[in-house]
Structures are given as C-alpha cells and as structure tokens.
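Participant: Spelled out, the chains give:
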Amino acid sequence: MPPLLFYFFALITLGFGFLVVTGRNPVTCALALAASFVGLAALFLSLDAYFIGVIQILVYAGAVMVLFLFIIMLLDIKTEEGKKLNLPAIVSGVLLASLLTLQIIAVVGSTELAQKTSENTPLALADAAGKIGKAALPTITNDLKAGELPDAKLIGFTLFDQYGFHLQVIGLLLLVGTIGVVVLSKRERSAP
Amino acid sequence: MSVLELIIALPLLAALAVGLGAPARAASLGASFINLILVLATTVQYWGKTGLAFTYSRPILENPSLSFAVGADGISLILALLTTLVMLAAIWQIEDRPPIFYVSSLLIGGGALGAFLTTDLFFIYAFHELALIPTFLMIALHGRAEPAQRKAVAWKATIYLGAGSLVLLAGLVWLVLEFSGGSKLTFDLEALRSQAQLNPLPAAKQAQIFFVLLLGFGSLVSLFPFHSWAAPAYATAPTPVAMLHSGVLKKFGLYGLIRIALPLLPQGAHVEWVQNALLLMLLGNILVMGLVTIHASRLDDTLANSSVMHMGYIFLGIAAGTDLALKGAVILMFAHGISIALLFGLCGRMRNQLGTLEYNKLGGLASHAPAFTVLFAFGTFASIGLPGLTNFAGEVLIFLGNFTEFKAGTLTSLQWTVILALWGVVMSAVYMLRAYRSIFHGSPATGLFMIDPAFSQRVPFILLATTLLVTGCCPWLLLNLMKSAL
Amino acid sequence: MNASIILLLPFFSALVILLGHRQLKGASVLISVGSSIISFIACLVLLAAADDENNNKLLLPFLDVGHFHANIDVLIDKQSRGMMFIVSFIGMLVHLFSLGYMKDDDAKPRFFGSLSLFMFSMTGIVLAGNLIMMFIFWELVGLSSYLLIGHWYQKASAAEACKKAFLTNRIGDFGFMIGILLLFGANGGSVNLDDLATAFKSGPLAPDAPGYSAGFTTAAALCIFLGAMGKSAQFPLHVWLPDAMEGPTPVSALIHAATMVAAGVYMLVRVSFLIEASPLAAEIIAGIGCFTALMAALMATQQNDIKRVLAYSTLSQLGYMVMAVGAVAMAAQHGHEAHGPNPGHPAMFHLYTHAFFKAMLFLGSGAVIYACHHEQDIWKMGGLRKHMPVTFWTFAIGTLALMGLPYVTSGFYSKEGILGAAYDSGCSILFHAGTLTAVLTSFYMMRLLIVAFFGKPRTESAHHATEVPMIMLLPLVLLAIFSIFSAWDGFATPLQALKPAHERPHTTVLVASILAFLIGTIGAIYLYRGKDKDPVNIKLFANKFYFDEMYAVIVRVCQDRLAWIVTALERVFVDGLIVRLPTAIIARLGAATRLLQGGHLQGYTFLLGGGVIGVVYLVVFVLPRLGH
Amino acid sequence: MSVFTIEAGLALLGLALLLVEAFKPDISRRTLGLTAIAGTALALVLFIFAPHDSASLPGFIRPWHQLDNLALFYKGFALVITILVLWLTLECAPYLTRFTVDGKLGEMFSLPLIVCVGMMWMASARDLVTVFVSLELVTVSFYVLVAFARKSAFSLEAGVKYLILGALSTGVLVYGIAWIYGATGTMSFDGIAKALANPATSKSTALFGAAVLLCGLGFKVAAAPFHMWVPDVYQGAPTPVTAFLSVGSKAAGFVVLTRALDAFMVEGSIIGSEIQGFLLVVGSLTVLLGSLPAMFQTSVKRLLAYSSISHAGYLLLALACRESARFDLSSGSVVAFYLATYLPMTVLGFLGLGLMRANGLGEDIKDFAGLAKRNPLLALLMTISFASLAGLPLTAGFLGKLFVFLGLADHGYWGALSCAIIAAAAGFYYYFKTILAMYTTEGTDVPALAFSAPAKAVAGALALAILILGVYPKPLQNVLMSDRPAVVAK
Amino acid sequence: MITLGHYLVVSGMLFSLGLAGVIARRNIIIVYMCLEMMLSAANLALVGFSRFHLVHGLPDYTAQSLVFFTITVAAAEVAVGLAIIVALFRSKQSVDVESVTKLQG
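Chains as they are written, first to last, in our numbering: chain Y, 1 to 192; chain F, 1001 to 1486; chain L, 2001 to 2628; chain Z, 3001 to 3490; chain D, 4001 to 4105.
Hints listed in this document are in silico derivations from the structure and should not be mistaken for laboratory results.
Because the structure is a prediction, the values reported are computed rather than measured.
Glycine is no exception: its CB is placed at the ideal position from the N, C-alpha and C atoms.
Where hints are given, some of them may not hold.
Pairwise CB distance ranges, derived in the manner of DEER restraints [as the list claims (entries may be wrong)]:
#1 F:Glu1358 / L:Lys2456: 45 to 55 Å
#2 L:Phe2012 / F:Gly1447: 35 to 45 Å
#3 F:Ala1152 / D:Glu4098: 38 to 48 Å
#4 F:Ser1484 / Z:Lys3474: 31 to 41 Å
#5 Z:Gly3460 / F:Leu1420: 53 to 63 Å
#6 F:Thr1055 / L:Ala2584: 39 to 49 Å
#7 Z:Gly3460 / F:Gly1447: 46 to 56 Å
#8 F:Lys1407 / L:Val2555: 35 to 45 Å
#9 F:Trp1047 / L:Asp2548: 46 to 56 Å
#10 F:Gly1447 / L:Asp2106: 15 to 25 Å
#11 L:Ala2027 / F:Lys1407: 53 to 63 Å
#12 L:Gly2426 / F:Leu1420: 35 to 45 Å
#13 Z:Lys3474 / Y:Gln168: 33 to 43 Å
Only chain Y is shown next, with the shape it has when bound in the complex (with noise of 0.2 Å):
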C-alpha cells in the first residue's frame, strides 16, 4: 500500500476514534466507531488479510454498531454528560494514553521486527502451492498457482482443519451469550 493511503486510513481510523472518545453525544460517538473501524478495515486490507477486513466491516461496522445504536435510542440517552465532565479522570486517561504510546513506540523502536515490509517479506504465493501441497484443497493451490491470494479460503481451511474445537467452543460461548441476554433482559412479571 503506498503510503499516502496508509497515513490516510490510519489518520480515518485514530482520528475518528478520537471523536469516540471525545465525543458528547453518544449517537455521535457510535457512529464515529464504526467509521474508525471503516479506516481500520482498510488497514487490514492493506496487510493482504481480506476476509478479517470483510469481516470487520460486516460485524462491527454492521451489526455491533447497529446493536449499540438501538440501545442508545432505546434508552433515550441524551448528551447527558455535558457539563460534570470529570477532569481528575481525563487528565489521568490521558496521562496514561501518552505513557502508553511512548511506550509502544519505545518498543517498536528497540526490535527489528518492526523494520519488515511487504518489500522484504513478500508473499510468495507460487512457492506456497507447493509447499502447502496435499495438506490443502485443490482450490487453494490452485488459487495460489495463478497468484491469487484465496484468503477467505485459507482461513476457512484453518478454522475448520484445526480449530474445529475451537469453534464449536465459540458456538457454545454465543449460546451462553444469547442465554445471559435472555435472562438478563428478562422484564419483571408486573403483579396481575
């Protein structure tokens, strides 16, 4: 990705998650995530993970945010923060927030981890097709043979070839949540 668009998508994503944190209006600040997650989105397409970037898209940007768009409107929350705005706890969220960063950026700085890119370590779409060979569906090296990264089928070969377990744990863990929902927006029996 050039970067020009890199510094774009990344200023969309911090600036408007920025405005999430910032924002007074929570209707604001809902959608102001989900353009951030929009701009993020966009980074991991940059990264070559496309699926997770779809998916990005659809779960958060679509259904999550819907999700706490309808709670807002259905409480009726109005700007109500407004004039108690707690300072000890900005200053201090912000103290942390740069102490954070500078760490981060300390640490990114001291490894050469840090210093690869899409030049030095480039895919090598051709020589995985061989290397992968049996262990995949056909589809795939086939996909990778014509210099097609087949992203989407990639993961989906990983989830179900060796993480079944793990999934049919996350299929118990959604059961549980829509469970715990039930049972916690569960209304009172008003008295007859």
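Got chain Y sorted already, so can you dock chains F, L, Z and D onto it with the hints?
Facilitator: Okay, now just chains F, L, Z and D, sitting in the frame of chain Y:
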C-alpha cells in the same frame, strides 16, 4: 506407637469429648489425672537414662520431610511433668464454669505437651500455636475485665504472639534451609542437629539466625522489650488460662531456645553482639520489670509483671550457655511454672471471693484463711527464691553457671549482668513481701471476708506446693533426669 | 548420724507442725519442745565424740552437676561444736521458757513450728561445710525470723517489722551471693570451706599464685561481709534489728540476741582466711563494726522500751564482735599470729558469752513484760526487785555480765579479749572507740537496771507484778549460771575451745576494761538513782540518729519514685515504640490501601491501566537493566 | 470413554438443562439442581476412572489438549468445586430467589456446568487460542452469573463492574497475545518456550508481550494492581457465585498462569529473570494489598474477598520460586497443593456465609456475634475454616503457606518473604476478629440457627478435609507428584 | 516505506486511545465502545504480525483465526454487556459510571 503419643492425644481427645457433650469436669479431671500418672511413669522409666527416648516417627510428607515424631529427653520430661501438674491443678480448681473452661485448659495443656514431646520442628511449632488459640479466645471472651478492655488485651497478646510466631517461623525455616543438608529439606530436629554438628555454620551466620530465633522465641516468653502483652494478658485471663499460659505455655519459647537454637547454633549466643543484645534485654526484664512490678498496686498486676521479670533469669541461664546454667534454667522453668500457677490459682480464688485485688483495700486475710495463707506463702517465697523451694535451685545454678569460666580480677559482661540481676532478687522480695504484707498481714479490712476453701478445693494447690517443696529440697531429682551435658 | 538427727529432727518437727497443726492441736507444742530437747542431747553426744579428723561429710545430696557439687555436707570442728552447743542449749531453754510465755497465745502451734524451723536452719548454718549450704540456711533463718517477728501479724508494726527484717537481710544476701559467686569462679568451681581455706593458703587464690589480684580478694571479702552485715545488723543495715523486737520476747532472746544475729560473726570467723588475705577489707570490717558498736551504744542510752535497750545493746555487742573479726585479721597481717594450733577467736569468744547473758537478759525482760501485762516502758515499771526476786537476781547477773564485772563474769573476759585484739590491731581508734563503747554499755545497762527494778513501782501494772512460773524461771537460772561461769576454765569444755589462747592481757587493756566498767556504772547510778523520769534528753540518740526517717526517704525517693518513673517510661516507650507505632503504621497503611478501593469504576480502570503501564515499565524498562 | 468425551457430555448436559428450563418452566429447582449435581458427580466418577493419557483423546482434540498431572488435578478440582457450588446454590435458593426477576434459578444450575467445562478446557490448553476461547466462555458465563440476582442492587453493580473490568482485561489479554505472537511467531506454549530459549528472539518485544499478557491473566487471578474488582464483585455477587469465582475461576487462572510461566521461564529463557522479578514484585504487592485493607472490613464476605486476593499473592510468590533441588514440591505443585487446600477452606467459609444468609442473617461481622451459642457446630466449622485461611498450623492452610515461605527463603527472596510475613500477621488479625465475634456472648439473644443434615455433612467433610490435610498431607502430595512429566520443553 | 512498525504504532495508539476513553468517559455505553476499540487495536496488531510472519510464504492464518474468534467473542460480549447495561438503566435510570459506587472500601 509410643506412650508419648498417648500422652499428647489424651487431653486433646478429652477436649473433643467435652466439646461433644461429655461431662466436662469428670472427663477433664480424669484425663489430666491419667496423664499425670502416665508422665510420672514415663519419667520413672527414663530414670538413669540419657538422650532421647520413647521415640517414634510417622512420616506425613516425603519431601520436605515432615513427620509426626515423638521423643523425650530429660528436659522434655521435666516440662511434660510441669504441664501435667499444672493442667491437673488448673482443671481441678475450676468451679462453676461453662465447659469451655475445661476444653480450653485441655487444649492448652495438650498443645503444650505436644510441643514439648514432639521432635519435628513442624509439630513443635504447630502444637504451640494450637495451645495459643484457646488462650486468646478465653482472654477475649471470659477475661476479667470489661468486654472492650479484655478484647483489647486479647488483641494485644494475639498480635504480639502472632507476630512473634511468624518471626519464629522464619527463623525455623532458616534453620531448616541451612541444616537440611544437600538432598532434601527436613524438619526433623535430630537430623538437623547431626547436620549442624557435621557442618557447623560460621559464627557470624549462627549469630544472625540465633538472633531471629531469639526474637521469635523471646516474644513468646515476654523478653524485654517484647513483653508488654504479658502483664495485661495474665492479669485479665481467666484463672485456668493464666495458670496454664504463664506456668506452662510460656516456657515453650525457652524450651525452644534450649532444645532447638542452642544445639544447632552453639556459637550463636556467644557472638558478641548477640550476647550483648540478649544481656541488655534480659536486664530489661529483670531491672525494668522489677521496678514496674514494685509499682503495681494490685495483686494480679504484681504477679503478671513478676512473671515477666522472672523470665530474665532463665534467659540469663541461656545467655551463659554452660551446662550448669542451662540445667539451672530448666529447673527454673519448672519451678517458675509451678509457683506462678500456684499464685495465679490462688489469686483467682481471691478475686472470686473478694471481688478486688487492690492492695489498699485488702488486709489481714491470714486471720480467717490460714490454710490459704500458707499456700500463698509457698508461692510467695518460691518466687522470692527461698532455698528449699525449687526456684532457688534453678536460680543458684544459673548464677553459678555464669561464673564457671572466670578469671579472678576481671568480670565479663555476662558476670556483671549476673551481679545486676542479683539485685533483681532483692526487688522480687520487695514486691512479693509487700503484696503478702498488704493482703495477709495487718488487721482484717472491713467488709472483705474470705475463708479457707474446702479441702477438696485445696488439693490442686497442695499438689503444686508439695511439688515445690519436694523438688526444692531434692533438686537432684530433676537434675538426675538431665544427666548428659546440655 | 548425730549431725543428721540434729539437723533433720527440727525440720520434720517444723514440717509436721506447720502443715498439720490444726489436726495436731496441743501435740504440736510437745513435738517442738521434744525435738529441741532431743537435739540438745544429740548435740551433747556429738560433742562427746571428738573425732576432728573425719569432719567433712556428706549428709544429703542437693545439687550435683558434673564436677560441681553443692550438697548438704557438714563441717564439724571446734567452732561448729561450740556454736552447736550454744544454739541447741539456748534453743532448748527458749523452748521451755516459751511454754510459759506463750501459754495463752492462740497461735501457739505456729509459733513452735516456726521455732523448730529456726532451730533447723540455724543448725544448718552452724554445720555448713560449704558456702552454698550456708547460704541456703542463711536464707532459711531469715524466713523463720520473718515468721517469728511477724507472729502477731495483725499488728501493723509487727507486719512491717518482719518485712523490713527480711528485706534488709536480702540486701545483705545480695552481697553474700556475689561473694560466693566470685569465690566459686576463682576457686574453679568449689565453695567448700576446706577447699577455700586451702586455696587461700596455697592454691589459686594465694597471694603468690599467678593472676592473683588484691582487688579481687578485697571485693570478695567485702561482698561476703555484706551478708554478715545484714544478718548481724551492722551499720548501715542495722535498722531491722530494733524493729524485730516486735516479735515475742523468747524469739528476741534466741534469734535476735543469742544465735541468728551472731551467725554473721560466725560466718566471718569461718571465712577468716579470706579476710586475713585482704588488709583493706579487714580495716573496713573493723571500722564498720566499731562504728556500729559505738553508735548503737549511744542510741541505747536513750531508749525507754526495755526490749529496745537490749536490742541496741545487742547491736552494739555485735559491732564489737565484727570489730574483733576485723581487728584480729589486721593483727594477723601485722604479724601478730595467734598462738597454738587452731586457736580460738575473740569474736567467737564474745559471741558465746554474749549469747548466754543476752539471752538471759531478754528472757528476763520477757518475764518482766509478762509479769507487767505486756508493759515494756521502763519508766512505767520500777521496784520490781521486790515483786520478782528471782527474775531480778538473774537479770542483775546478766546485766553485770554484759557490763563486764571484772574478774567475775564471763563478759569481762570476752570483752577484754576484744579490746586486746583492737589494741593489737595497730589502729588506736578501734581501741579507744571500743573502750568508750564499754563505758556506755555499763552506763545504759545500769540505767536499765535501776529504772526498772529499783525505786518505787510507777504504775499499777508494775505494782501488781508477781513472780513468773517455774518453767520460765528455770531457763533464767540456768542461763545466769552460764553468764557467770562460761568463760571460766574447766566449765563447759566445748566452749573453752573457742577461747583465744590464754595470754596475759596487756595492762592498758585490763585497766581500760575495769575503768570503763566503773565509770559507766557510777555515772548511771549518779544520774538515775531515784528518778521518775529521764533526766537526760538527747533527741538524736532517742531518735536513733534519724536512720529510720532517712531510710524512709531513700526508699520513697529512690525506689518508689524510680519505680514510678520506670513504669511510666515503659508504658510510653516500650508500649509506644513496640506496640503502638507499628500498629499505627499498619493501620494507616491499611486505611490508605482501602482508599484505592473507592468503588468508582473510573478509578478502577485507571488503576488497571496504570497497572499495565507500571508493569510494562517495570518488566521492559527496569528489570532488564538490573541485570538479574 | 475419554476425558474429553466426559467434558463434552457435561457441556451437553448443561445445554439440556438450559433447554428444559426454557421449555418446561414449572419444573422444580430441586429437580434441576439435583440433576445438575448428579450429572457433575457422575462426570467426576467417570473422570476418575477414565484413561488419563493423551492417547485416549479423540484425534481432532489431541493437538490442543494435554492431560498432564496439573491438568488432571485441576479437572478434578473443577468438578468438585462445581458440585459444591451447585449444592450451595440449592442451599441458598430460598433467599437467592428473592433477587431474581422471575423467582427462579434455572440458569444458575446450567451455567455452572458450562463454566466447569470451560475451566477444564482451560486447564488442558496447550496454546493461547484455546486459552482465549475457553477463558472467554468462562468469563461470559460469569458476567451472567454475577449479575444474576439483579433485583439486588449489589448484584447488578457487581455485574456492571465485572463486565467493564473484565472486558478491559480481555482487551489487554488479546493485546498481550498479539505481541507474544509477534515476538515468537507462535501461539502454542511449547513453541513460545522454544522461541524464548532462542537468543535470536527479540527480547523487548517478548518482554512487552509477556508483561501485557501477564497483566491480562493477573486480572483473572486477582493479582495486584489488577485486583480492584475482586472485593466489589465478590461482595455483590450471589454467594455461590462468589465461591465459584474465588475458587474455580481463580484456580483456572492459576493453571493458565502456570502454563504461561512454564513457557516464559523455561530453562535459558531470555526473559526468565525479568518475569521472575515481575512475579516477586506483583506477588508482594498482592499479599499486602490483600491483607492490609482486609483488617478494616466489617463484611465477612468482603473480608473473604480480600483474603482471596492475599492468597493469590502467596500463589504468585510460589510461582516465582522455580524448582529447587532440595524441595520436591516445585512451584507448579506448590500452587496445586495450595489450591487443593484453599478449596475446602474457602468453600467452607462461603458455605457458612450462605447458611447464615439462608437463616435471614447478614454477612457482617456483627451478624456473627454469638454464633457459637446459636449453633456451636457451625461456629466450630467456621472456626476451622478461618483458622486454616489464617494459616494456623495443623490446618491445611498452614502447609501451603509454609511451602511458600520455604521456597522464598530457599531462594533468598527476603523482601518478598517479609511482605508475606507481614501479610500473614495481618491475616491473623482479621480472621481472629471474625472468630472472636462468633464466640462473644454479649447482647446476643437471637434464637438458635438450624441447618440441614446434608449441609452438616458437607461442611463437616470439608472441615475434616482441612484438618486431615493439615496433619497428613502425604496422600495429596502423592497425587500431585505421581507422574508429573518433566518441566515443559526442558 | 510502511513497515510493520507503523502498523504496530497505529495499533498501539488506537489501544491507548481506547484506554483513555475507558478511563475518562462516564457513559458506560461509550466506555464499552472504547473497549471495542481496544479489542480492534489488538486485532490490528495480530493481523500485522501475521502478515509479516510468513508460513510457507503465506501470512500466518492461525493468528488470523484468533482474530476471527476475537471478533466473535467481542460480539457476544457486546450482546451480554449491553443486556447488563440495559438492566442497569432499568434499575437506576442512568448509564453513568457514577451510578454504581455502592460497593466500596
């Protein structure tokens, strides 16, 4: 199976039985009486032997090696004898009290027996703690003061002894780590001891460990300046607890120093800074606490403080570390245990009957309660250190033991300490006679009336007084149990 | 065998009586008196069997640790034989006298029990073969003295007096014990009198031994002497003896005149090798004895209580004896070796003559007090000569013996012996002060005799006084005989061994003794004949040089105030630093940590985030640099 | 039947119970509860007799699941605590139902089964992905359980706090996983260990990842300074859930932590000493921050929460002491030993609280006043529990502490040892405060307090376990030591 | 040139931003949004690392699988979390963090 296990188990089982509803007095008296017989029989069997006898070991953990190991030598037998005697007396003198009094007495006694008769550091430590808990509870719940005050007193004791126990634990752990040898950690005292003989530590290190142990054991024994829990606790504690704790349980710390610290760290006590610290502390016990005791205006205060003060002499024996002094220390432990238990027991009766122990309100009790007076006199003169009662033998051996290594013309700091400590003997006469004078002599105070207890209630005290007399006239009875050099 | 009977019989008698007197009732008296008689007989047998060779033997085991032995072993030699005779004889007489004197006392069994205890303890001191044993019985006589002085404990004065006696003695024992310890250490673990004597002569403590230290010897001697000061009531530990007169009079006679108080002197004589080894100690001992003798004599001149006069007189005579001990040691250092093998000692000589006549005087005063219905003020007596002739004559004999009627009474010889020793000591002050004391002695004793027995009865009780019963007169008569003859050669042979080898007394000494007797007697007769109240009034003497008041202040200021201060400091510092401060710190810390838990989510998230940053800082940026 | 099958079966049982509860609303809670208990008990029995080697696992699960001693021990542990929690829920049902919206407890019986399964999977995890998903299964279930009695303001507040802080910790955890993955290029513990033993691995990245990951795990085990949620959530949550959290969830956290540390502190690890330093610092901080505030608590439940923080601190310190040649109980098995002893005493404590609650009493210390008079047996059992928590000798609690002290002293970590000793001393204070209250007699004329025979039996058994383990720990040691494989990737 | 470091820094900044929001905001819903941001930041780091950790020349899909799970879990958490928030709102009529401060000390 060793008879010692039976001796340890009997009071604990009796406590359990009473807790579950067995007739309290009968069960407790029976158990402690049988226990006394058992200990006496064991002592007779041990007569003439040396070293550890009646040993038996049940491993409870492989590595670190822990085992329920019992064994007794002369010192432990003397202390076991002390325990059973005081336990019997303490239980016997209980009158019209709820079962918890019996249970706690049995637990304290059983715990003390366990601590004296086991030879595994783990159980030595554990049994002592077991005995401490009922002490705190009884002070807090049935102490002789307003609820708030007695709770405060109990807390003070708990915090002190708890902290002391933890320091002690640290010291013991240190010992275990230093003396376990290469392969695996062991808590077995004998194994540690043989290792300590094989590979003694450098003196400087011994001194450090000894000091930690001294602080730990010392605060259990109310070594100055870690003593301020003791006086209020004894003054407040219910009678049987005061008897058992001051008489028996407190000796645990000294026992530990003699049985654990000195054999494992023979040079520890003699490294100059440790010795000087110990001497300063024990002089604090004797001189400072002597003066504090003189200042007391109530019998329970006097007894409680005097009990703190007298520990100084036993520490003096430990500081000297010579055979003579150590044997003297053991005898004095026995003697002090019996005599202070006797005094606390009688003091408890007085409080019950008279409702006050203030000297300026009392007087002339000898006229109406002659037998009581005689018994009290035994305690008084024993703690003054009158020859013919056991305390004297202990004290004189300690003093002599400090002078066995002597160069004419130059006194060591140890010997100067003895001379100062001797002044404490004068002070103890001052406060004990002052107490005796105010309570028993003079004309009877108006409104305060007390008669002799019935004979059956005199028995426990007679038991203790007789012990003082017999072992006082024949201290060799005790010395014969400790034939090998310490 | 005999020794053990003498020692243990009173012990068991005391034990049986004290523990079972309610069951025994009257029998206890019989047991006690019986035991004293049997002891006396056994003592006579012991004296008859004269085997000085086999003299140090073990009676009972006491302490046996390794090489160290401190057992009940007896040393039977000349001194202990003589002393034993005195103790058992006077003891028996006092028992008999008490049968009459204590007839109406409710607590008779307790009295006799304590008396037996005393006999036991005193026997122990006399026979003691080592210093530890001596110390043991030393303390036990203290106990019996305590019990007997406090016999009438309901009286506050008696209760205080017994306490005072015990405590004062304790101070002495403090020194005694230190002395024993020093000797024990220096002599390599033995405190046997024999061993010590050898050690001082040729062993590790001899002046030519390596590492000998004169200072050490002096310190040991003075420490031991401190013990004697307590028991023998030497200045400044003399204050308890006059107060001890609160006890029944027979007790005063036996314990506080004849035997126990003399134990200090006896002990000093026993360890004379020690005192002789230290010139300084000998001088101090002689000085203190001399000072006590003079001071007490001065006090005695102004006392009105018959027993107190006798008590101060006892003090004075004890001072005499102690002075003799010192003087003899000084003389020995100057080369005046006593003559003959194992010679007697003037102090011991005076000790036994004094024992008889002073016991007699006390018993006589007891008879007077008994007859006068417990009146003790001599100015409320008078004219008793006619009412109680036997008592009077015996009392007069005792008085004359104490005054030292020349050439007749035993007191003259023994006093002369002491003055001789003082003269030989090379220190003229001793001699002069001794002579002055002798003058005063004659003076106050004559005063006592005149005021109490001559003239007219001054009160009703004196008027109605009648002679005491036979059982009380018998001891008086016996003692009177001893008062006169005990110094005569051929009388009571065991005692004669205690006399110093007979030497022509120095003329000066002889003259001084006789003059002292005359001046004192004449002075007293001149001043007191026919007087109804004291013509002399010297407040300082009457109030005993204000010693009691001084001591009261010292006790209050030094001890009680110090105790108060120390208690306060202990509360503040120990409690404060060891208890309150750490508790407070922990409590503050706990309270502070509780503040972290404020319940606000924002706070928690802040802590969590801060925690992460802190941990990262620690792990990534700090720990790697520490170079673990 | 393989262990995994049993676990899956248990999960299915949980689902089945959920469905039954949903479609047959009038089923009695007793039936539900007993079924759940019976199912778990059956699972426990089957588990004991099931083959305990990895080869018995179904093929697809084998790469993700290990059946070493620690895992097996912990699986049994989870089953036992689940049974106890279910039973405790039944005992406490009468008062719990007052705070649920429909007066029923349906999910309170099914969710614990799922939590149990999640914890068992956590214990077997061989890689961070498995850890993450099973941990989240447990966490999400706990969100529901904590807030279950939401008519109680406390329960709801606890739910909210747990939710926010839990989610925050999940974020931290994932971020940590990302960095660890970045540094080592793998998510399996074995791989991480191998990579960390390789000096070429970027140290700062690995350190950063490990630190952040440990912060995330630290939250689960209540390590300071990530412990703030514990007092509030424990106090607010229904008592059975609190017991579950404080024993089950914490233990699961420790098992995962042990695995992570086994990887981070592997022989020759480039970050080993830093991680050890981290453990010492955090452990010391945790014992202190657990004990000191506990001294001032008036609510016994909150006190137990603080105590559980403090115990977590001891466990962390135990983890800091790696194997010593002279000391068979290596840090992993000390942790297991400590947890095994911690289970009976904590559950007994919460059981007592629950029983008192069921009798209409509060959870404050003042409610304990005179308990000895009202029910001497309960007072005695609670005394045993608190004595053991305080670490009194002859109880199980002492041994655990002793081993920690021994380990610290053996390694010469004096600073941490002093902190541990101070905390233990403070512990004496607050446990005794409660014990004392039980035996005071002033001003208590409350009627006697009854509890059911099964309650007596269970409580008695727990107390007995505490005492027996306190004087005869050998069998437990044998279990823990029997065939422990060599340390990972040695 | 855009390196992995750039992505990591962006991810770190996003993470910090989320943390700041969590600490500073009082509206629980917004706090929750910030938490989602933090999770996404973690995802970005994961994806970044996975892209540059080539397995057989391809991005490491195990990491991307974890991202997939994370997103799913996050969704479930959001559901449960919002349910709890709704319950809170029903009982307190507020979604302010300051409405839950009863448990403390």
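Participant: Against which earlier hints does the structure fall short, listed by number upward?
Facilitator: Result: no hint breaks.
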